[in-house]
Amino acid sequence: MLHDPYVVTVILRNTGRHAIASEHFDQGRPIRIDLGVSVEALLHPPDGAASSGVAVDGQAILFGPELIRHKQETLIQILTSDAPKPSKDAVIEHLVDTEVRVEEDGYAERERSRGALLGALTSIAGLVFAAYTLVRELIEVAF
46 MLHDPYVVTV
56 ILRNTGRHAI
66 ASEHFDQGRP
76 IRIDLGVSVE
86 ALLHPPDGAA
96 SSGVAVDGQA
106 ILFGPELIRH
116 KQETLIQILT
126 SDAPKPSKDA
136 VIEHLVDTEV
146 RVEEDGYAER
156 ERSRGALLGA
166 LTSIAGLVFA
176 AYTLVRELIE
186 VAF
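For the sequence shown, this note's numbering assigns the number 46 to the initial residue and increments by one for each residue that follows.
Hints in this document: simulated from the structure, not taken from any laboratory.
Check the hints yourself; a few may be wrong.
[To be verified] Below are the EDC-like pairs computed for lysine to aspartate or glutamate, each with C-alpha atoms no more than 20 Å apart in a straight line:
no., residue 1, residue 2
1, Lys133, Glu144
2, Lys133, Glu149
3, Lys116, Asp79
4, Lys116, Glu68
5, Lys130, Asp79
6, Lys116, Asp142
7, Lys116, Asp102
8, Lys130, Glu149
9, Lys130, Asp102
10, Lys130, Asp142
11, Lys130, Asp49
12, Lys116, Glu144
13, Lys116, Glu85
14, Lys130, Glu85
15, Lys133, Glu111
16, Lys133, Asp102
17, Lys133, Asp79
Use the sequences and the hints to build the structure in full.
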């Protein structure tokens with residue numbers, strides 16, 4: 046039984062102008078993403094990916110070597126034993142003639158921000174309703 050499980054979504058996106066051929070993986074080494082916590086299961090394998098395309102290795106997921114088409118976006122969902130704790134060097138790749146950028150989505154932070162925004166909007170709506178009611182009562186008293 047997992048004490049504090051997390052579902053982690055990793056998206057690999059080829060934003061370049063060309064496909065990344067499987068030959069671009071130097072010596073056949075995969076892209077390695079170390080999450081800093083135990084990876085328990087692969088929940089959502091990439092659509093159309095070969096069974097060897099994604100693998101789990103302890104605290105890391107491995108992708109490739111395989112063709113990554115131009116504008117291809119590959120979604121991988123995994124179950125971890127705890128909140129991910131990736132280091133700044135969490136992504137290890139050996140791609141030839143390819144620039145790799147790591148972007149953090151900040152989904153959890155956005156969700157918290159959305160919650161705060163929703164709370165603020167609810168408060169504002171309540172104030173507007175109270176002001177409307179007060180103005181309506183004042184108009185009724187005046188006439």
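Right, here's what the structure says about each hint:
no. : hint             : result
1   : Lys133 to Glu144 : holds, 16 Å
2   : Lys133 to Glu149 : holds, 11 Å
3   : Lys116 to Asp79  : violated, 24 Å
4   : Lys116 to Glu68  : holds, 18 Å
5   : Lys130 to Asp79  : holds, 9 Å
6   : Lys116 to Asp142 : holds, 17 Å
7   : Lys116 to Asp102 : violated, 27 Å
8   : Lys130 to Glu149 : holds, 12 Å
9   : Lys130 to Asp102 : holds, 16 Å
10  : Lys130 to Asp142 : violated, 29 Å
11  : Lys130 to Asp49  : holds, 13 Å
12  : Lys116 to Glu144 : holds, 15 Å
13  : Lys116 to Glu85  : violated, 29 Å
14  : Lys130 to Glu85  : holds, 15 Å
15  : Lys133 to Glu111 : violated, 25 Å
16  : Lys133 to Asp102 : holds, 19 Å
17  : Lys133 to Asp79  : holds, 10 Å
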